[in-house]
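Enquirer: Sequence:
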Amino acid sequence: MAHLIEVLWQTFTEKEAFSLETRVGSSSGGALEVRGARFGFDDAALKSSGRQESVHQLRDKESEVPEEVEAEKDGIVYVKLDGAGKIGTLVNGAGLAMNTVDAITQQGGACANFLDTGGKATAETVKSSFRIVGADPRVRAIFVNIFGGLTRCNMIAEGIIMAFRDLDMQVPVVVRLRGTFEEIGQTMIADSKLPGLYAYDSFEEAAKRVVSLTEG
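With my numbering applied, the sequence shown corresponds to residues 97 to 312, in that order.
Worth double-checking, as some hints may not be accurate.
[Unchecked claim] Pair ranges (Cβ atoms, derived):
no.: 1; residue 1: S298; residue 2: G121; range: 30 to 36 Å
no.: 2; residue 1: E149; residue 2: V173; range: 16 to 22 Å
no.: 3; residue 1: P291; residue 2: D139; range: 35 to 41 Å
no.: 4; residue 1: V173; residue 2: E117; range: 22 to 28 Å
no.: 5; residue 1: S115; residue 2: K169; range: 24 to 30 Å
no.: 6; residue 1: A206; residue 2: I280; range: 28 to 34 Å
no.: 7; residue 1: L177; residue 2: D139; range: 15 to 21 Å
no.: 8; residue 1: K289; residue 2: Q266; range: 16 to 22 Å
no.: 9; residue 1: G171; residue 2: L290; range: 23 to 29 Å
no.: 10; residue 1: G275; residue 2: D156; range: 37 to 43 Å
[To be verified] 30 Å max Cα-Cα, derived DSBU-like pairs, lysine-lysine:
no.: 11; residue 1: K176; residue 2: K111
no.: 12; residue 1: K223; residue 2: K157
no.: 13; residue 1: K157; residue 2: K111
These aren't lab readings, by the way, just hints derived from the structure by calculation.
No residue lacks a Cβ here, since even glycine has one placed at the ideal position from N, Cα and C.
Let the sequences and hints guide you as you build the complete structure.
Expert: The following block contains the structure:
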């Protein structure tokens, strides 16, 4: 028994797993054996430094959510949420993305997805994000919430305008840009005069507006 546990632990640590489920039983001869060991592997090791590539090559993408796999190709973290959420979100940074979901919930709304563009989003990344979020038939409005550090707000604004012009956007979009070059980004949004595109400085007011756009 001790040897079995040692082998499982060695595999768990060497392959950088984050979960392990198993059953231990006895064979007809009375020997202990592991049955149905299931490991969970985080892809952060592969994405950050290429570690554990052999493990992640075994991944069955056919069983995963297609939009999540597509988003991954562009370096976007997209999670399709269960339920009848009507608000799509497009945010940079996982912490702000979770905060955005909470803020919308507090205003009485519900999100259809969690999307993190990453810290180095480009105009093309933003456009791809709109395409993925907008493909969900549940989505009736999109909330773009950006705090620009490495990500420049003018580049985000460029991506938003590109999405409106190239993707035939069918739902309204509420935008909040704060941080690096926020004034330039806000001016670009205002000067575009695109119907259905709304800019806000206040996080709370932006959340209220996007929720109101999905009501009725």
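Enquirer: Now tell me if each hint is right for this structure.
Expert: Evaluated hints:
no.	hint	result
1	S298 x G121: 30 to 36 Å	violated (59 Å)
2	E149 x V173: 16 to 22 Å	holds (19 Å)
3	P291 x D139: 35 to 41 Å	holds (39 Å)
4	V173 x E117: 22 to 28 Å	holds (25 Å)
5	S115 x K169: 24 to 30 Å	holds (26 Å)
6	A206 x I280: 28 to 34 Å	holds (33 Å)
7	L177 x D139: 15 to 21 Å	holds (19 Å)
8	K289 x Q266: 16 to 22 Å	holds (18 Å)
9	G171 x L290: 23 to 29 Å	holds (26 Å)
10	G275 x D156: 37 to 43 Å	holds (39 Å)
11	K176 x K111	holds (27 Å)
12	K223 x K157	holds (24 Å)
13	K157 x K111	holds (20 Å)
In summary, the one numbered hint that this structure violates is 1.
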